[in-house]
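Chemist: The lines below spell out each chain.
Protein chains: 2
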Amino acid sequence: MLFLLLSLRRFVRIILNDVMKTKFIHTYVSVDCVVFGFDNNQFSILLVQLDKERIGNKNLKLPGGLIYDHEDVDMAALRILYELTGIKRMNLRQFRCFSSPDRASHPDDIRWMDRAYQPNIDRLITVSYLSLCKIDKKLKNISGFKSTQWCKLNELPVMPFDHNQIVEASFLEIRRWVEHDLAVMFDLLPHKFTFSQFHALYEAVYNRKIDPRNFYKKVKNMAYVVQLDEKQPNVRHRAAHYYKFDKHIYKMVKNQFVILNS
Amino acid sequence: MLFLLLSLRRFVRIILNDVMKTKFIHTYVSVDCVVFGFDNNQFSILLVQLDKERIGNKNLKLPGGLIYDHEDVDMAALRILYELTGIKRMNLRQFRCFSSPDRASHPDDIRWMDRAYQPNIDRLITVSYLSLCKIDKKLKNISGFKSTQWCKLNELPVMPFDHNQIVEASFLEIRRWVEHDLAVMFDLLPHKFTFSQFHALYEAVYNRKIDPRNFYKKVKNMAYVVQLDEKQPNVRHRAAHYYKFDKHIYKMVKNQFVILNS
Chain A
1 MLFLLLSLRR FVRIILNDVM KTKFIHTYVS VDCVVFGFDN NQFSILLVQL DKERIGNKNL
61 KLPGGLIYDH EDVDMAALRI LYELTGIKRM NLRQFRCFSS PDRASHPDDI RWMDRAYQPN
121 IDRLITVSYL SLCKIDKKLK NISGFKSTQW CKLNELPVMP FDHNQIVEAS FLEIRRWVEH
181 DLAVMFDLLP HKFTFSQFHA LYEAVYNRKI DPRNFYKKVK NMAYVVQLDE KQPNVRHRAA
241 HYYKFDKHIY KMVKNQFVIL NS
Chain B
1 MLFLLLSLRR FVRIILNDVM KTKFIHTYVS VDCVVFGFDN NQFSILLVQL DKERIGNKNL
61 KLPGGLIYDH EDVDMAALRI LYELTGIKRM NLRQFRCFSS PDRASHPDDI RWMDRAYQPN
121 IDRLITVSYL SLCKIDKKLK NISGFKSTQW CKLNELPVMP FDHNQIVEAS FLEIRRWVEH
181 DLAVMFDLLP HKFTFSQFHA LYEAVYNRKI DPRNFYKKVK NMAYVVQLDE KQPNVRHRAA
241 HYYKFDKHIY KMVKNQFVIL NS
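Chains as they are written, first to last, in the working numbering: chain A, 1 to 262; chain B, 1 to 262.
Derived from the structure by calculation, the hints contain no laboratory data.
Just so it is clear, the structure is predicted and the values come from calculations on it, not from any experiment.
Check the hints yourself; a few may be wrong.
Identical copies carry no separate label here, and so any pair may be met within one copy or between two of them.
Mimicking SDA-like on lysine to any residue, the simulated pairs with C-alpha atoms at most 25 Å apart in a straight line are [claimed, not checked]: (1) Lys192 / Ile110; (2) Lys220 / Asn41; (3) Lys209 / Lys244; (4) Lys244 / Ala200; (5) Lys209 / Lys251; (6) Lys254 / Ile210; (7) Lys134 / Leu8; (8) Lys134 / Arg123; (9) Lys88 / Arg54; (10) Lys251 / Asn207; (11) Lys88 / Phe24; (12) Lys88 / Ser100; (13) Lys209 / Met252.
The shape of chain A in the complex, shown without the other chains:
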């Protein structure tokens, strides 16, 4: 009798262990990067063209991919962006892990993963990265690179997986980032920028109209936004002054006021 009970107990434990085992998540991990550029007073995002590798009828997705065994997620994000854009050092910021159980369960997504990586990727979670990218030089380089293209934020297509949702979350994250460290804002502007470019960027980040006169007063108080002698070329009337961002002054100001600001 005791033997029977012990056997039963052992049997139950084996079954339970088995159930428990399948419950723990064993998964593949990818990174996805949302690279923001700012041009003509609006945000653009860097996307990868899939062409022959279309996912269903979707031809654009965020730059990303599975991470390798020897990498951590930060290394993988830098590698993937380098492979796609040729830029080695991007100011990348990890901002969230997207891990909904059904984020990669659309039949089109599954078929694509089977082809692109290997069959039977049972579940895929992704760690997303955010990058702000200067317009003047990098924008042009990148858009000439391989199978990437810039796409206006307000004209984004429907993308595979949860990539639209990731972009939406990353746009909110920009505000947090800017509020914590205003310096990143200037990663989006050319080295020399006009007041109206700066104003348009603020409007884009906060996604609303901002009174230009109030904003002008604010900018005048930013010791680290320095007005240059130079004006816009080829403009006859009321050519706008150029400004530049002085990161040394910014650091001094920030260190001095870090507690007062918070």
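We have chain A; now place chain B onto it with these hints.
Modeler: Showing chain B alone in chain A's frame:
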């Protein structure tokens, strides 16, 4: 000859595919929570006692565990904290994925994972969460709960995996969080707090001395920090006033100045 070449090509591709397959990371995913409390003018962190399940000679670790198939990481973090503390709704914030290839490769860590979960966990990446927890009520409840204990931040033991590193990173993250939304600071204070408690919390967050007179001026300018008529009981001389945080005023002020502050 052509046949040979084709066979060779196919052979090379199979080998390459095989190499590629093993290179993609197939991993288990866990969450780890850093719960901060603030008492006697210093930070404490909630840790789990391992007792019989010691990892080498380490007896304390961050609350955390593997996520289940049906969960995303947010759900898993809430579940694990509920299981350990009985608190259902914690103000949890996901803050970083730790994924170094060797973060769970110490023989003690591997042996423990074999016992606690299942053998052959080839790699474990973790998504970390941060929570700030009010002292007065929750602190006592939690410390009486099962196998958890509060541990002073400056007396932390050496912990398994990269848990010490996670705590270090989360401490920096608190500052970012506070700078983005000062309201979270009051999650750490009792409902009624004295000026010196508030001052001590600021000093703890910024990990440096802050002149109390300047800080007092600052607090006087915070419309949302409201002085109460009530004073500390049982203090004969110079009993301190109590203050409270008014979140409605805070919201109004914040909405009004969101652009001016940034």
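Chemist: Each hint needs a verdict: does it hold in this structure or not?
Modeler: A quick look at each hint next to the structure:
1. Lys192 / Ile110: neither (46 Å within a copy, 54 Å between copies)
2. Lys220 / Asn41: within (21 Å within a copy, 40 Å between copies)
3. Lys209 / Lys244: within (23 Å within a copy, 35 Å between copies)
4. Lys244 / Ala200: Within one copy only: 16 Å inside, 39 Å across.
5. Lys209 / Lys251: between (29 Å within a copy, 20 Å between copies)
6. Lys254 / Ile210: For Lys254 and Ile210, both the intra-copy (24 Å) and inter-copy (16 Å) Cα distances are at most 25 Å.
7. Lys134 / Leu8: Cα proximity of Lys134 and Leu8: none, with 67 Å in one copy and 47 Å across.
8. Lys134 / Arg123: Classified as neither: same-chain Cα gap 35 Å, cross-chain 37 Å, threshold 25 Å.
9. Lys88 / Arg54: neither (27 Å within a copy, 43 Å between copies)
10. Lys251 / Asn207: between (27 Å within a copy, 19 Å between copies)
11. Lys88 / Phe24: Answer is between: at 22 Å across copies they meet the 25 Å cutoff, but 37 Å inside does not.
12. Lys88 / Ser100: between (31 Å within a copy, 21 Å between copies)
13. Lys209 / Met252: between (30 Å within a copy, 19 Å between copies)
In this structure, the hints that do not hold are numbers 1, 7, 8 and 9, in rising order.
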